[in-house]
Amino acid sequence: MLPDKGEIAFLKEMYEKYGIEDIKVDISPQIGGCAATCVNSIIIGPEGEFYKCWVDVGKKERIISNLFDGNIQNLLLPSYIVGSDMLSDSQYHHCTFLPLCDGGCTVRRYNKLHQNTQYDPCPIDRVDFDSLLDFHALKYKKK
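At position 93 of the sequence shown the residue is numbered 93 (UniProt numbering), and the sequence of numbers has no breaks.
Rather than coming from a laboratory, the hints here were simulated on the basis of the structure.
Since the model is a prediction, treat every value here as computed from it, not as a measurement.
Keep in mind that a hint or two might mislead.
To be verified - The calculated label-pair distances, taken between Cβ atoms and stated as ranges, are:
#, residue 1, residue 2, range
1, V39, A137, 33 to 41 Å
2, N71, G19, 48 to 56 Å
3, Y18, D120, 28 to 36 Å
4, K142, N116, 40 to 48 Å
5, Q91, S41, 20 to 28 Å
6, A9, V39, 34 to 42 Å
7, Q91, L67, 36 to 44 Å
8, L87, E13, 31 to 39 Å
9, H94, I27, 16 to 24 Å
10, I31, L133, 36 to 44 Å
11, E13, G70, 24 to 32 Å
Backbone N, C-alpha and C fix where the C-beta goes; we use that ideal spot for every residue, glycine too.
Use the sequences and the hints to build the structure in full.
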């Protein structure tokens, strides 16, 4: 998965200055989407609660069911799929980076649309993309 904007310089410093090698920098295509938009995908919280996304864990208003009650109310799924998907967002229609990020975070795009939360769902820093490629090359030329 690609790091969020602003993290590339930090990750590169951790790698070069402190020798931390267990840093994932994957620039291969991301295929498959996310759990938030898949009907049969759920995240189970620490108390048995069901969520559609990791970002939602711990938010009572985002619980869709519980392991112990068997009553699934997946009212969030249609909202995550319709209008919050990457294809409904015009900024992705001609984006050359789309195969790398798979459209960014659906839940954060949902929050932007429905709760007016300021967030750019694009995880790629287009200005600093060369630094990402440089870091990727630096990290993997040692192998």
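Checked hints:
Look at V39 against A137: about 39 Å separates their beta carbons, and that is inside 33 to 41 Å. Our hint of 48 to 56 Å for N71 and G19 holds, since their Cβ atoms are close to 50 Å apart. Between Y18 and D120 the beta carbon distance is about 29 Å. The supplied range of 28 to 36 Å therefore holds. Roughly 45 Å separates the CB atoms of K142 and N116, a value that falls within the hinted 40 to 48 Å.
For the pair Q91 and S41, the beta carbons lie near 25 Å from each other, so the given range of 20 to 28 Å is met. For the hinted restraint 34 to 42 Å between A9 and V39, the CB-CB distance of approximately 39 Å keeps it satisfied. A C-beta distance of roughly 38 Å is found between Q91 and L67, which places it inside the suggested range of 36 to 44 Å. The hint said 31 to 39 Å for the Cβ distance between L87 and E13, and at roughly 36 Å that hint holds.
At about 20 Å, the CB distance of H94 to I27 agrees with the hint of 16 to 24 Å. In this structure the supplied range 36 to 44 Å is violated for I31 paired with L133, their Cβ-Cβ distance being about 20 Å. Checked against the hint of 24 to 32 Å, the C-beta distance between E13 and G70 comes to roughly 49 Å, which is inconsistent with it.
Hint check: violations occur at hints 10 and 11; the rest are consistent with the structure.
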